[in-house]
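Here is what each chain is made of, one letter per residue.
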Amino acid sequence: DAMVIQNPRYQVTQFGKPVTLSCSQTLNHNVMYWYQQKSSQAPKLLFHYYDKDFNNEADTPDNFQSRRPNTSFCFLDIRSPGLGDAAMYLCATRGQGNYEQYFGPGTRLTVT
Amino acid sequence: LAKTTQPISMDSYEGQEVNITCSHNNIATNDYITWYQQFPSQGPRFIIQGYKTKVTNEVASLFIPADRKSSTLSLPRVSLSDTAVYYCLVGDYRGSQGNLIFGKGTKLSVKP
Chain A
2 DAMVIQNPRY
12 QVTQFGKPVT
22 LSCSQTLNHN
32 VMYWYQQKSS
42 QAPKLLFHYY
52 DKDFNNEADT
62 PDNFQSRRPN
72 TSFCFLDIRS
82 PGLGDAAMYL
92 CATRGQGNYE
102 QYFGPGTRLT
112 VT
Chain B
293 LAKTTQPISM
303 DSYEGQEVNI
313 TCSHNNIATN
323 DYITWYQQFP
333 SQGPRFIIQG
343 YKTKVTNEVA
353 SLFIPADRKS
363 STLSLPRVSL
373 SDTAVYYCLV
383 GDYRGSQGNL
393 IFGKGTKLSV
403 KP
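Same order as they appear, the protein sequences are chains A and B.
Going by this note's numbering, the first sequence opens with residue 2, and the numbers climb by one from there.
Going by this note's numbering, the second sequence opens with residue 293, and the numbers climb by one from there.
There's no promise every hint is true.
What follows is a set of in silico ranges between Cβ atoms, one per label pair, in the way DEER data are often shown [said to hold, decoys possible]:
| no. | chain 1 | residue 1 | chain 2 | residue 2 | range |
| --- | --- | --- | --- | --- | --- |
| 1 | A | 84 | B | 396 | 39 to 49 Å |
| 2 | B | 338 | A | 23 | 32 to 42 Å |
| 3 | B | 313 | A | 63 | 33 to 43 Å |
Cut-off 20 Å, straight-line C-alpha distance, at most; resulting in silico cross-link-like pairs (EDC-like, lysine to aspartate or glutamate) [what the hints assert, rightly or not]:
| no. | chain 1 | residue 1 | chain 2 | residue 2 |
| --- | --- | --- | --- | --- |
| 4 | A | 45 | A | 101 |
| 5 | B | 344 | A | 58 |
| 6 | A | 39 | A | 58 |
| 7 | B | 346 | A | 58 |
| 8 | B | 396 | A | 63 |
Hints in this document: simulated from the structure, not taken from any laboratory.
A virtual CB, placed ideally from N, CA and C, is assigned to each residue, including glycine.
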C-alpha cells in the first residue's frame, strides 16, 4: 500500500547532540511537510517542500533544518536539540491540486 | 487562513450520533472546510471535506450552511474507537501555499 513512512518511531538524543529524522513516501506526492506536536497540543507546521522549493514558517527556529534529496525522501535535522524540542514529529504529503494530506505515524523524540 | 473555533471537548456514549460544530466567520470564497481525526500517538487522518451544503462519505457527514460561517461534522452511531481529537481546518490547500494550520481541536470521549 502507498504510504508515508517515518523512521525511527522513537528517537532518544542527548541535549545538544544533532539528530536526524527521516520520512519517505510511496505516494509520489510533490508536497511534503514537517510538523511538530507537543503533548496535548495541535500539530504545528515547521516547513514544507513544494517540489524542491523549500518554505519555512516564520516562527520555525533556526535550529531546525530540512533536506529533500528527491521526491520520495525528506529529512528533519535538529542541530542542537534542547529539552523543549521533545515532541512528536509528523511528516505529511499532499498531491498537487489535492486537499488531503497523508500523515506518517510520527517520530517521538526524547531529549535527555 | 480563516481562524476556527471548536469546543475543546465532548462526551458521548456508544451508539449515539455526535455533532461537532466549528465556527469560521472569516472564511474566504476559495476556502474549503476539512476535518481530520487524530488518535493518540498517531498522525492525523483525513475524514471529510466540503465547500457547501452537505457531504457524506462512509465515515461521516459534513453540513455547511449557506453562509459557510460554520460547519458541523456528524458521526453516526459512534463507538469506543471513535474516541479521538477532531480538527476543523479552513483554507484553500491546493496550491503551493496550501498548508494546514491546526486549531486546538475537539477531544471526543466515547463511553460504553
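Now the hints, each set against the structure:
1. A/84 x B/396: 39 to 49 Å: 24 Å Cβ-Cβ, so the 39 to 49 Å window is violated.
2. B/338 x A/23: 32 to 42 Å: Because 23 Å falls outside the window, the suggested range is violated.
3. B/313 x A/63: 33 to 43 Å: Hint holds: Cβ distance 39 Å, inside 33 to 43 Å.
4. A/45 x A/101: holds (17 Å)
5. B/344 x A/58: violated (30 Å)
6. A/39 x A/58: Holds: residue 39 of chain A and residue 58 of chain A sit about 17 Å apart, inside 20 Å.
7. B/346 x A/58: violated (33 Å)
8. B/396 x A/63: violated (25 Å)
Checked against the numbered hints given earlier, this structure breaks hints 1, 2, 5, 7 and 8; the rest are met.
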